[in-house]
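Chemist: My request is simple: use the sequences and hints to build the entire structure.
Chains as they are written, first to last, in the working numbering: chain A, 897 to 1159; chain B, 359 to 707.
Errors might be hidden in some of the hints.
[What the hints assert, rightly or not] No farther apart than 20 Å at their CA atoms in a straight line, the calculated lysine to any residue pairs in the SDA-like style are these:
(1) A:K1019 / B:R520
(2) A:K1019 / B:Q369
(3) A:K950 / B:W515
(4) A:K950 / A:T924
(5) A:K950 / B:R609
(6) A:K950 / B:T365
(7) A:K1019 / B:Q368
(8) A:K912 / A:L1075
(9) A:K1111 / A:R911
(10) A:K955 / B:G604
(11) A:K950 / B:V607
(12) A:K950 / B:G604
(13) A:K950 / B:R514
(14) A:K1019 / B:T365
(15) A:K1019 / B:N364
(16) A:K950 / B:G371
(17) A:K1019 / B:R601
(18) A:K1019 / A:A936
(19) A:K1019 / A:K950
(20) A:K1111 / A:A936
(21) A:K950 / B:Q369
(22) A:K955 / A:T901
(23) A:K1111 / A:T901
(24) A:K955 / A:H968
(25) A:K950 / A:T981
(26) A:K1111 / A:N922
(27) A:K1019 / A:G1002
(28) A:K950 / B:A608
(29) A:K950 / B:E597
(30) A:K950 / B:L499
(31) A:K950 / A:N935
These are computed hints drawn from the structure, not numbers from a lab. All values reported here derive from a predicted model rather than from experimental measurement.
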Amino acid sequence: MTRFTARGISAFYGRKHVLDRVDLPNLTDNQVLGLLGPNASGKSTLMRCLSGEKATEGKITIDGTSRSEMGHDGWHHRLASMPQTPPNPSALLPTELMWSTARALGFDISDQELGCQIEDIFKRLGLAEVALSPLHTLSGGKRQLVGLALALMRDPDVLLLDEPTSALDLHWRMVVLDLVRERLAERGGVVIAALHDLDLAARYCDRIVLLHRGKIIASGTPSEVLTPANLARVYRVETRVTSDEDGRPIVHVIRPLRDFEPA
Amino acid sequence: MSAIGNTLYQQFGAIRRWRLLMVSAMAVGVLVMLCLDLWAGPAGLAFSDIVTGLIDPQQLELRHRIILWDVRLPDALIALAVGAALGLAGVETQTILDNPLASPFTLGVSSAAVLGASLAIVVVPVVPFFAEAAVLPMMALLFALGSGVLILMIVRWSNGARETVVLFGIALVFLCNALTAGLQYIASAEAVQQIVFWTIGNLTRAGWPEVAMVGACFVCVLPFSLRHVWVMTLLRGGEAHARSMGINVARLRLWVILRVSLLAAFAVCFVGAIGFIGLVGPHIARLMLGEDHRMLVPGSALCGALILSCASFLSKALIPGVIIPVGILTAVVGVPVFLGLLSGRRRMA
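Modeler: Here it is, written out as structure tokens:
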């Protein structure tokens, strides 16, 4: 059973306030939280604060224990984040990247077991064919999947995904998020994903937080958050929201709003 | 390289075994090159004399023994030690700054050494308890280490921002070059010639103490480099991923640049600014061995040693009776090898 809380998160770049006392809903096992918001709304910064990479005011806990109480290694043992940028297009092989990560982080398993584990993750993500091809020969989408494989290999209780599907085509977007869902059903844990795609968010997230200029504008279930009024205010687009047979919202974007139109 | 009937573990194992074989071949190549380097020279020793003289020095006549053990062996060994040190320093700099153009020389270490050496040549300072001949390398070492300290301060101050480090290094190169030019401007013609000669790089000034110092520096630093091979390998996947795993990249950068500065300072202070090896040695190793630093780190050191040893051999063998400064030849030897490997890789891709 995993509980994740984040309260009163504030962050600065120099003197610029980029996150202003953000409270995330409390997350318990099997929940996926989607962070939505336009560019520069603070999604990536919030992700970096949650992972412990960026210093922050506020309190973030896993099962009631904060990062400072748990210690650096303990925290990163339970939480893994996947950054927005895919791994560099170097001559490194995806397998080498996974292997060296496991060894640098001190995984206590034999070489053979590690090989099997990497192969299993690569197969699930459709990377088996390119497991031994240099990263610079891989498409951006494949490299993004390698980035996801790196996070999944660490088998965390809290998985943070910063725009995990931005370089993927329609098929792989759904495969990836299905996989994340399956994984939760198998082993529990929570997932927080910053997403650009509203329909994907509506389809895969239990809760959604809508960020705008470092503040939370709306928070709740997809149908509570994805309303024409909220979307007009945050994204400055006119939308029509219908729902599918399961009651999940579907967002139809009609046109961008001009600056002088009331949001 | 698709998986047909073989597990990923087995295929990856095969790649690693092949690379281990390549590293072993490089090590053998270094030994062969060392023997060739010892053999080349005007005294007319036969190759068999060299091998016998190495195994049992008493069998050689005194004259040849002195030539082999006191002249050629220190020269040949310093080529290996300096080459290995620059190869190791180069690969670590390129990885930690994520910049294929980086080398210890980009950080200004060698320019500072040249400045220190030039100052010693022009001013001829008298240092108590130090032989006159030891003053020049000591000044070069002090200046090189000083530039290393400056770079480390910048790394700390900028919290490890790699662009800042590279830019500062290049600025330092220009500053040292300008000051060296200033010294040359006021120096006598003879001193200018000496500075130029030192700057080109020459192995024949080394004796056993120098070999011991550069060798000891390399041997002391290598275990620390090997301890970091995993994290350096994963750093090739990008800084963002390393950070997201909780790895303190800024602190790692500080340690690596400390190692690199030490290696480069000791490597250049006795033999002069032998450039290029720290840049191309790692690239040749990378083309042959890939990015896994378990192989790349030793491979890069071996490549550096091999190139400099080969250049040292050619410097004596090309024109009989004349020793061409080795610094001129490193690029002449290294560039064709590098281009050959690069075009081979293109054809394969």
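Chemist: To test your reading of the hints: which numbers does this structure violate?
Modeler: 1, 4, 6, 8, 16, 17, 18, 19, 21, 27 and 30
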